[in-house]
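Asks: Sequence:
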Amino acid sequence: DSGAMKFKGDPRRAPVVAGGRISEFFGGLFAAPGALAFVLRARASGHGEILDVAIHEATAIGGSNYLQVMHDLMGQPPIDHPIRYLDTPGIEVAADGLVAFNTNAGHMFRMFLLMVERPDLMDDPTYSAITNRLMLGDEWQKIVDDWIGTRSVGEIIETATELRIPVAPVHDGASVIDDEQLVARGT
1 DSGAMKFKGD
11 PRRAPVVAGG
21 RISEFFGGLF
31 AAPGALAFVL
41 RARASGHGEI
51 LDVAIHEATA
61 IGGSNYLQVM
71 HDLMGQPPID
81 HPIRYLDTPG
91 IEVAADGLVA
101 FNTNAGHMFR
111 MFLLMVERPD
121 LMDDPTYSAI
131 TNRLMLGDEW
141 QKIVDDWIGT
151 RSVGEIIETA
161 TELRIPVAPV
171 HDGASVIDDE
181 QLVARGT
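Letter by letter, the sequence shown follows residues 1 to 187 in my numbering.
In short, the hints are calculated from the structure, not lab data.
Heads up, some of the hints might be wrong.
Said to hold, decoys possible - Restraint-style ranges between C-beta atoms, simulated for each label pair:
hint	residue 1	residue 2	range
1	S45	V93	54 to 64 Å
2	V176	N102	13 to 23 Å
3	N102	R41	18 to 28 Å
4	V53	G106	30 to 40 Å
Quick caveat: nothing in here was measured; it's all calculated off a predicted structure.
Ideal Cβ positions, reconstructed from N, Cα and C, are used throughout, including at glycine.
Assemble the whole structure, with the sequences as input and the hints as a guide.
Replies: Take a look at the structure:
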């Protein structure tokens, strides 16, 4: 799972691991359709089946985003180096740590603009598409940093949660043991 660090995030910043046990997620994702089919057949026939899923292969396929296949279909030259994928906003630097956002849906991004006190950009097509924000580079990042960088992770999470923006703290080894969700699960 740590190999994802090579492909995610801003190359000008330190790498950060995405949360979750990605390999197990992909294994479950690939196993679910077969498991459902086996359950339905077992109910009808009274006989069960064994389902074998190779987590490594599922992760290799699911984690590739099929970039090489799409690249080949589009007639592009072969990919001979890692292609870095960047979300913005993504993992951002707060006054006291790192915080992660998911604004993949348009309404989430609009709420993010409201949170960073830039409602004037909500209807501006320059900012609505991630490709445009990436091209803006430092100009866009300054908008994010001016608000995020002056607030604590806790303050940002509280505000983002009120606006229904998916958000989470990015823990380090010292802080992860106190994470509210992990403590509640007893892990």
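Asks: Looking at the structure, which of the earlier hints fail to hold?
Replies: 3
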